[in-house]
Amino acid sequence: MGLLIVCSSTMYRSGFSYNSAFTETRISSSSHNETLKGTSCRNLKVWTCGYMGNRSKVRRKRMGLCGFVMKIPKEGVALAKEKNKVVVKSSEEVIRVLKSTMDPNGAFSYFMLVAGLPNVVHTTETCNYMLEVLLTYRRVEDMAVVFDFMQKKIVNRNLNTYLAIFKGLYIRGGIRQTPLALEKMRKAGFVLNAYSYNGLIHLLIQSGLCREALEVYKRMVLEGIKPSLKTYSALMVAFGKRRDTQTVMGLLEEMESLGLRPNIYTFTICIRVLGRAGKIDEAYGVLKKMDDEGCGPDVITYTVLIDALCNAGRLDNAKALFVKMKASSHKPDRVTYITLLDKLSDRGELETVKEIWGEMEADGYAPDVVTFTILIDALCKAGNVDKAFDTLGVMKDKGISPNLHTYNTLIGGLLRASRLDEALKLFGNMESLGVMPTAYTYILFIDYYGKSGDSVKAIDTFEKMKGRGIVPNIVACNASLYGLAETGRLEEAKDIFNGLKLSGLAPDSVTYNLMMRCYSKVGQVDEAIKLLSEMVKEGCEPDVIMVNSLIDMLYKTNRVDEAWKMFYGMEGMKLPPTVVTFNTLLAGLRKEGKVQKAIQVFETMTERGCPPNTVTFNTILDCLCKNDEVALALELLCKMSTMNCRPDVFTYNTIIYGLIRENKVNDAFWFFHQMKKSMYPDRVTIFTIIPGVVKIGRIDDAFRIVKCFVYQVGVCIDGPFWEDLIGGTLIEAETDTVILLAEKLVSNKVCLDDSVLIPLIRVLCKCKKAPHAEYLFAKFTRTLGIKPTLESYNCLIEGLLRAHVSEKAWDLFNEMKRVGCAPDAFTYNLLLDVHGKSGKITELFGLYEEMCSRGCKPNTVTYNIVISSLVKFNSVDKAINFYYDLVSGDFSPSPCTYGPLIDGLLKLGRHEEAMLFFEEMAEYGCKPNCAIFNILINGFGKTGDVETACMLFKRMVKEGIRPDLKSYTILVDCLCLEGEIDDALCYFEELKLSGLNPDSVCYNLMINALGRSRRVEEALSLYDEMQSRGMCPDLYTYNSLILSLGIAGMVEQAGSMYEELQLKGLEPDVFTYNALIRAYSMSGNPDHAYAVYKKMMVGGCNPNVGTFAQLPNET
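Using this note's numbering, you'd call the opening residue of the sequence shown number 182 and step up by one each time.
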């Protein structure tokens, strides 16, 4: 058998036995004499790779295969003619031979020999292998030959084909770099034909690289190569999934401009894309175009458009199109019926579902499991769950077995009806019914628990699903994340999110949106923004809802510039702003009070193809009215109807608010009556207009408005309504005027309880008019016949006690018991606290016993009052005994229980017992708070044990409890008292770095300590810093500095401080004078010392023992 080995760069003539050529390393020439047909073999040499050739006959000529000219010596012509006798059975054989060949020249020669055979043996695998071999040796020209062969013989070029070529051309970034790579490929000899371009576009689309596919398409057209209909369809489908209708319709136009006639499939894709984007009118336009071009719609086209109409909520149009379809030559098929039934079911159109069901049966389509399940779904969504179960019975009677989707639908219906127990029972029976639950079954329960606020059960269900060996899908993870996002349980949400990625699932836009919401709930907006970047990087395109959510988050956290930056970045993300986007921005501008910018944004909406809605108008009107631009708001209100927007209750409430704010009550009154002609006012309307009307004394008008509202259809009046109404009116109007309205409402039986009285009592007591409140209480209850409730009694008793009218409070307490109004724990706690603070421990326990005997159960506040009172009046042991009696029962102590006990023990020097109580807190599930640590730090620090005080401070920080200003102040004070000034100064600086602002007390402690330590310059520096922070030094500050300056011999500066404090309106006290006298005495200036003493006496400030001790002796 003879072979002609041909190479693109060299040409060899050789002969060998095919069966052994690639297995033997050395063979005898005599065995090949017959094969060579008399050709001399004296110069034959066996190559290490298995080839044998006559090296003297080598000719370096280009071969003729794949477009090259091939010249063969005369002696090789006969051999070439024998080529057709070579038999290669399969591509596997070719691969095996290629892999056993170590020399690239030999491998390429063999590859080209097989390529020249009449029957095509090469496949994508053999060609790709050859490309990889050539790539290893950087033989790019030969790679181009292989690629050209693949094109001409229509051998499929896959991802590995192009990646090998890209590597050969040093193009990094993988298939994503295709648009950039094409130019380099052309220069290197890789010239793509129509088949390659079409295939490459499909490859990019399958890889999710739609933008890159579009760029390749554009290059293809520029090169004059016409894409196929299939390519156009693939591009349209890809961009349709992204709702990029502009690109899809642009492709349709370009297709026609190139002379390609769209077919039914192409037109149907356009209709589907437009329909999914909600552009129904344009979809109808495509349908009309089909008719005009003689490409009538088929059943699929009609079905797609019906689906789009239903999704857009245009059910009447969908039903009309269905009727038109039935009248045409294209009768609805089962898919059409299922589509229409399914969409009508989703929309809750139960009666229409039944009607279409009848038509389906009349057309000869018997109901199956799919249609029965749709009917069951429609019944469930209509709230007829029992009827749905009846239909399940009918279905079984007809011999149709329910499937998984049927049972999932019933479970969903039960959960929607909050029939959880029945849903769980059905879920438990599924396996016995021959149906195994899937991830979706679990998702129904996860979603139910999450939306019911029970995120714990949602997560438990999620874990049970995994425990059953069911791999969670993206929907299950999203359902689990929902409840966690709503409650801000970030750590658990992160566990699910990270677990999702570890399991190989890619988060979708819903996942990212939920995680962003979770971060937002806990105030971590930066993390939410990082997620957006990650999302884009992972190839998951953000949607406009998510970006709107982030803009809203940024605005709500006062990161206004970043919110606007994100808005401007939407164009780069190819996300057109929606009306929600603009409404979010307008709401932010309203909050900032930026009226002009809000108006500019409002005016640009229509220009950008986003007309405002009623919410937009309400937002801008609210902005104008809150910024004294009511006249402009009224002008804008007139434009609403011209822009297809109708005012709603919020619109009128906003205008009424603006007019009331400008004291244009008559105009507001007119608008209120205009509003009533078209709609009912709501509570906000009443709460807005009544304060203004009452403020100008129009009590009768206010009364009529309230009366009409109370008897308005559908209005439910409760206690909070009256309290909010009277409370809001009291803010704007005089108390006496509001009382007149309240009296009128009660006397005319419009208000039948004490709800209007309670806010009046609160305001009067707050204004220190408790006797007036008592008088009003008596008038309403005795004269107007209102029966007082426990709340009004408590409100008045609290007010009287705060006004120190205890006797009246006790009288009221006795009265309420007498008339049958039982005091509650709040009432007793008020009075127990009075006894406790006045040291009447016997009376306190007497009242406590009465409380228990009357069946009023003490609460934690009650017990804490008793404990605190005992400790305060030196009965710490009694308090401890009382505490142990409580914890032996079902009492759960709080930090307010332990605080007085620990403080009392520390003050008695019983530090070990105090620490035992502190450690005991954890045993009762009571976590120490900052106040408890402050008590401990103060107790140890004030007894000189600053080491333990500092240890407790560090422990507080370690346990995640943030120290407050008091924590630092106590520690600084204790350290200063012990002379640890440097440590005190360190904690003082730490206080400022922590974000807390030191107050004058903290500054005074440090200034005094530094001054006493003769570090006067540092004390003066803190004095300047204190003022730079906007704090005014007080008398203690000046006294400390005058004393320190005097001791340091800086008498003149001490005198200046004395003059400065007087200029600031502070009155010197005995300590001021003593410090100044001491300064002059120590400096040997007795005359000045006595002058200060004289000034002190003339000013009416009495000297103390320290004064005389500082005065210099006189003979």
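Hint data in this document are derived by calculation from the structure and do not stem from the laboratory. Among these hints, one or two may not hold up.
Claimed, not checked - 27 angstroms max Cα-Cα, derived DSS-like pairs, lysine-lysine:
(1) Lys470 <-> Lys411
(2) Lys579 <-> Lys568
(3) Lys348 <-> Lys334
(4) Lys1053 <-> Lys1123
(5) Lys422 <-> Lys365
(6) Lys888 <-> Lys949
(7) Lys368 <-> Lys422
Said to hold, decoys possible - Pairwise CB distance ranges (calculated):
(8) Val1042 <-> Pro1293: 54 to 62 angstroms
(9) Ser1194 <-> Phe1063: 43 to 51 angstroms
(10) Lys579 <-> Gly355: 39 to 47 angstroms
(11) Ser1194 <-> Ser1237: 32 to 40 angstroms
(12) Thr787 <-> Lys507: 51 to 59 angstroms
(13) Asp1250 <-> Gly1070: 50 to 58 angstroms
(14) Glu1128 <-> Ser1202: 25 to 33 angstroms
(15) Val1042 <-> Ala1272: 42 to 50 angstroms
(16) Ser1075 <-> Pro1293: 52 to 60 angstroms
(17) Lys772 <-> Asp1066: 49 to 57 angstroms
Glycine included, every Cβ here is placed at the ideal spot set by N, Cα and C.
Tested hints:
Between Lys470 and Lys411 the alpha-carbon distance is near 20 angstroms, which keeps this suggested pair within the 27 angstroms criterion. Restraint check for Lys579 and Lys568: satisfied, since their Cα atoms lie roughly 17 angstroms apart, inside the 27 angstroms limit. For the proposed pair Lys348 and Lys334, the alpha carbon gap of about 24 angstroms is at most 27 angstroms, so the pair holds. A threshold of 27 angstroms between alpha carbons decides the hint, and for Lys1053 with Lys1123 the separation of about 19 angstroms falls inside it, so the pair holds.
At most 27 angstroms may separate the alpha-carbon atoms for a hinted pair to count; Lys422 and Lys365 exceed this at roughly 31 angstroms. This hinted pair does not check out: Lys888 and Lys949 have alpha carbons roughly 32 angstroms apart, beyond 27 angstroms. Note on Lys368 and Lys422: the hinted pairing is violated, with a Cα-Cα distance of about 35 angstroms set against a maximum of 27 angstroms. The hinted window of 54 to 62 angstroms between Val1042 and Pro1293 holds, with their beta carbons roughly 59 angstroms apart.
For Ser1194 and Phe1063, the hinted distance range of 43 to 51 angstroms is satisfied, since their beta carbons lie about 46 angstroms from each other. Between Lys579 and Gly355 the Cβ separation comes to about 55 angstroms, which falls outside the hinted range of 39 to 47 angstroms. Checked against the hint of 32 to 40 angstroms, the pair Ser1194 and Ser1237 fails, with Cβ atoms roughly 22 angstroms apart. Checked against the given bound of 51 to 59 angstroms, the beta carbons of Thr787 and Lys507, roughly 41 angstroms apart, lie outside it.
For the pair Asp1250 and Gly1070, the beta carbons lie near 53 angstroms from each other, so the given range of 50 to 58 angstroms is met. Distance hint for Glu1128 and Ser1202: a CB-CB separation of about 29 angstroms, consistent with the stated range 25 to 33 angstroms. Taken as a hint, the range 42 to 50 angstroms is violated for the pair Val1042 and Ala1272, whose Cβ atoms sit roughly 58 angstroms apart. Separated by about 59 angstroms at the C-beta atoms, Ser1075 and Pro1293 satisfy the suggested range of 52 to 60 angstroms.
Taking 49 to 57 angstroms as the suggested C-beta distance range, the pair Lys772 and Asp1066 conforms, at roughly 54 angstroms.
Of the numbered hints stated above, those contradicted by the structure are hints 5, 6, 7, 10, 11, 12 and 15, listed in ascending order.
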